[in-house]
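Participant: Chains as they are written, first to last, in the working numbering: chain Z, 306 to 821; chain C, 205 to 306; chain F, 60 to 687.
What the hints contain is simulated information worked out from the structure, not anything from laboratory work. You may find that some hints are simply not true.
[Claimed, not checked] Far from chain C, by Cβ distances over 12 Å, these chain F residues were calculated: (1) I79; (2) E221; (3) P433; (4) V574; (5) I575; (6) A675.
[As the list claims (entries may be wrong)] Examples of chain F residues lying across from chain Z (beta carbon under 7 Å, computed): (7) D111; (8) A131; (9) W217; (10) Y218; (11) K222; (12) I232; (13) I236; (14) I243; (15) F249; (16) A434; (17) F628; (18) T631; (19) I637; (20) Y642.
A virtual CB, placed ideally from N, CA and C, is assigned to each residue, including glycine.
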Amino acid sequence: MILTWFIIILMAGGILAWIAEKWNADLPRWISFLALSIDFVITLMIWSQHDFISVEPNSVWIADYAVNWIPVFGISFHLAMDGLSLLMLMLTFFLGMLSVLTSWKEIQFKIGFFHFNLLWVLAGITGVFLTMDLFLFYFFWEVMLIPMYFLIGIWGHENRRYAAYKFFIFTQASGLLMLLAILGVYFIHGNVTGTYTFDYFQLLNTPFEPDAARWLMLGFLVAFIVKLPVVPFHTWLPDAHSQAPTAGSLILAGLLLKTGAYGIIRFVIPLFPDAAHDISKWAMLFGVIGILYGALLAFSQTDLKRLIAYTSVSHMGFVMLGIFAFNELAVQGVIMQMITHGISTGALFILAGSVYERIHTRDITLMGGYWKKAPFMGFIAIVFVMASLGLPGLGNFVAEFLILVGAWNSTHILTILATTGLVGATAYSLRIMQRVFYGVEIKSNHAFEDLSLREKLMMVPLVLVIVWLGFFPQPILNTSKIPVMNVMEAQTKPKKENVALDKLNTNEVLKGDNHE
Amino acid sequence: MNTIPVESGLLLAGILFVLGMISVLVRRNIIFMLISVEIMLNAAGLAFIVAGSRWVQPDGQVMFIFILTMAAAEVSVGLALILQIYHQLKTLDSDAANRMKG
Amino acid sequence: MKELLWLIPTLPFTGALLLILFGRKLPRFAVSLIGAGSVGLAALITILIGIDFNSSSENSFQQVLWTWIDVAGFKPQIALHLDALSLVFIFVITFVGFLIHVYSTEFMQDDEGYARFFTYLNLFVYSMLILVLADNLVLMYFGWEGVGLCSYLLIGFWYLEEKNGYAARKAFIITRIGDTAMAIGLFMLFKAFGTLHIQSILTQAPQTWTVGSEGAVMIAFLLLGGAMGKSAQLPLQTWLPDAMAGPSPVSALIHAATMVTAGVYLIARMHVVFELAPLAQMWVGIIGSLTLLLAGFSALTQFDLKRILAYSTISQIGYMFLALGVGAWSAAIFHFMIHAFFKALLFLAAGAVIHLLHHEHNIFKMGGLKNKLPAIYWTFLIGSASLAAIPFVTGGFYSKDAILWLSLAGEKGNVGFFLAALIGAFITSVYTFRMVFVTFFGTEKTHVSHPAGNRMTMPLIILAALSTFAGFIELPHSIAHVELFSDFLKPVLPAITLQEGAESKEWIVQSIAVVISLSGVYMAYYFYIKKPELSDQLKTSSIDFHNFWFSGWGFDKAYDTLFVKPFVFMATINKQDIIDKFYDELVKLADFLHRVFSWTQSGLLRWYMMGIVIGAILIVTLSLLVGN
């Protein structure tokens, strides 16, 4: 039941914030912040109380909640949480709180509606991370899409309409393919077993014809790699990121991209282990292309937010490489990468937002020399620029190193190419530092002040978290250990289609029989 | 009784229909277009009658009566529309009523 | 006492942390106290631990602080490993580091980024200590990248100048290329051994690999790649001369004494792997000898005082690589230590000269400083003598002589290596004394603002003493039988085996070396004091050569055209993202179809009629055709 509360608090908070605008302009901000911090505290409590290591592998689910929704079609309202979901939720609520804080000064019209959209996006994301029913999953997938469209389209920068449409069409079109794939899984499972259901656990061991499995898997995969995004489906991202308001960019980069990675780990690989294995080489290749291509493009950008957006493309390439390397090291690295990238890129977007608030431009050719006036900001920027180029001691290094060590087991050439991506990362990351903080200040009419108390309140926790993750990543790795092992187990099992078919045909006779 | 061959009847219906159709296509005056549509309807009706008498079935005549009623209804609605068009556009040229294009 | 090992890196780290938090609010005095004090304390503990270590019978000491990562058998720990090799390094780092910190308190006293400077410097000392104390390669990589970061920050310390930022980025990116190779080496090592714990690798390697086996050679080459980047060896040497954009104490600490020798440390630390890969080890020697020659020739032509020293550093590290390449492990480390002393001394003295001459870098605009700045002159002279390996009285003579001798007589040595080292030694003494004569002799060309203070001269004097007397702990056999240093390192680094019957020839090699270095000094004297016009004639007659050497053998230009420009070009033309064009075209196609269909919606009644008729005719015709 606690799982439902996560979503209810956010949705109710959103509606309340919308209404509350009538009374006081700041009230929606406080309501949203409160709603998110309640959720955050709950996740923290669960995290600190639960023992993630010594549990039995089959009791990985911390909480599970299911009620019938549309029983005729086998649709249920089924939420469940394991370590992976919990980590993602903590990230969601943490970045959610920051996104409220970062909009405090930036958003000055339709405040209530803004926070309504903000909380509903987050509710959608929460739902995506929790749901164990494919129909419900698709529902939440759409819930997070539409408010995001409004966030970009209403509060965005000069080219917001175009960006919002592009974002919407890309995700919607790929989402429809996923819907088709979901229905495909539903009917095939129904045909084979006689029970028509959307429930994740029941669908898990559905036997597919290899051809059908491949097409269905691609249907899911397209939706996820568009979100992730993987080159060549990335072009919505720079536009959406650069045009969205700071909070929007933060949520896009920090959370929406992660739903793609989460989807691959949670659905694509467990549902279609063999089909996923067949395309793993190609998937890793596209991951590496993303790393290098994203780095090249990031280097050439002059729009600060666009530059950061392309670094996300590059970093998400590591996620793709890691997931399809199919070993525990790499996938653990991927989970680290999802968290650390959310924090470091989120922080860079907040910084970009702060710079924009001061000088009203995102063009880095018009910036320079701000270290002198804003040394604290410069220090924060150094930390996150270094995080983005993978400096050891910060969380991103742990993630990338684990991914690369793991990937080396599957592919040598691609790992080498991915490692050279680190040089590219150095080039584009240092370019941010040089253009914004080094050099002589370009005279402008705007006073450039150092970070305010509110901004410090955002940046200092981010710095602490990224450093903490760099030196003590083990608690996080422990939390996701068993879910990752379960996913990998599905992968390393021998080809099981026929075995599963046998089991289904002869039903309970074979129970307990070591047929394999 | 000396019956008219079916072919002649159908030919007549066909000629009438094509004539009506051509005048719908070439006429711009909207009243003439309406009249041409009526001719086409009657051509179809004639074909029904001919077919009905060929197989000695009442269905053909039933259909003709049905067409008559429909034509009457159509004319009344059509004339009302034509009045409106004339009222709005001060012309009976059908090409002038193209504000819904594109 | 050894239990305090963790304090050594922690102290500078705490210093850096305090300075980050409160640096801008503290008075300069407190900043100096935290900055220099924390390193001084670390140096003190190092000395105490060193004494304790020397008197105990154990050869190494482990201290596990906590487990860093533990995933699927990949279990690097935050753990420190102390043995003779790391002890030498931490001694140099903390002690020389402390002297440079003291020097900086005066050198930087008018700079507005005073606290920031000490923050970076402390952070650097911390990272460097982690690098040499790490007990596994991942932690070492942490220190490795950490020093890279500090080097970047300190080269770009005066960030207002565009070119400093450029030099800083260049240094970071080029060393990162080497680091990438090293990282791949680490992946391979983990695959081969299932661990990155250094000592486990060193014990398991001989059992896993035979001499010359492919895995060992590949890994050794990749590690060498990392070492080349950090230690500015061919072909990744181009960043170091530009790195002189940083303040002089930084050049002394990072770009002469410590960080740039990290590559030497890495190879010495992983010496077992290199011994199993003779091909890679030979290439260490080849790269070292090529680098020492190339950098030496470039140093001959420079006129920026710090750039001369930078090229000289590259060249001297080339000597260390040469020593590593012939398996003279302890000779390499010995030269590292002596070099750290005299090169830090030279950089600090050069920094003092530049500082007192209002930031004048050009040696031809100096001159006649001998009498104006006696303390600096004498210490600089001692340092130069050590660099030029003036026989018998300098530390540099003993350390370099060992390398010269072993490059010929060592089991893996040969005449080629020896000749390279010999020519290098000659060039070294020429450019060294060219620098001394031009800077300190002759007529005064720039006015000295004020004499150097105590906090600047004291470190110079201490370093001068060290660079002279530290040489006496290891003397060649032909002179006396003192082997304190190599005995000390023996538990970690194996002694070199000589070629048979070589022992007796040692004095011949030494006499050649003595003659060579002295004649170099005389040549510099002849060209720059006795007949100064000769050097100008030489320069004009061979201006092409001069320019070629001056530009560092054209490496910068070549890299610029081969890598930088194509990369920037590709990035620039693709700024709008070619893939997005595809989607743009898709949008255009949809738009075009939209226009076509909306054109049919003409609003003409007769047009629609025609459509219906044509449609009907088509359907009828089709059904007739299909029906038959």
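Participant: State for each hint whether it applies.
Facilitator: We went through each hint and held it up to the structure:
no.: 1; hint: I79; in the structure: holds (66 Å)
no.: 2; hint: E221; in the structure: holds (56 Å)
no.: 3; hint: P433; in the structure: holds (94 Å)
no.: 4; hint: V574; in the structure: holds (97 Å)
no.: 5; hint: I575; in the structure: holds (92 Å)
no.: 6; hint: A675; in the structure: violated (9 Å)
no.: 7; hint: D111; in the structure: violated (28 Å)
no.: 8; hint: A131; in the structure: holds (4 Å)
no.: 9; hint: W217; in the structure: violated (10 Å)
no.: 10; hint: Y218; in the structure: holds (4 Å)
no.: 11; hint: K222; in the structure: violated (10 Å)
no.: 12; hint: I232; in the structure: holds (5 Å)
no.: 13; hint: I236; in the structure: holds (6 Å)
no.: 14; hint: I243; in the structure: holds (6 Å)
no.: 15; hint: F249; in the structure: holds (6 Å)
no.: 16; hint: A434; in the structure: violated (36 Å)
no.: 17; hint: F628; in the structure: violated (10 Å)
no.: 18; hint: T631; in the structure: holds (6 Å)
no.: 19; hint: I637; in the structure: violated (10 Å)
no.: 20; hint: Y642; in the structure: holds (5 Å)
In summary, the structure is inconsistent with hints 6, 7, 9, 11, 16, 17, 19 from the numbered list given earlier, while agreeing with the others.
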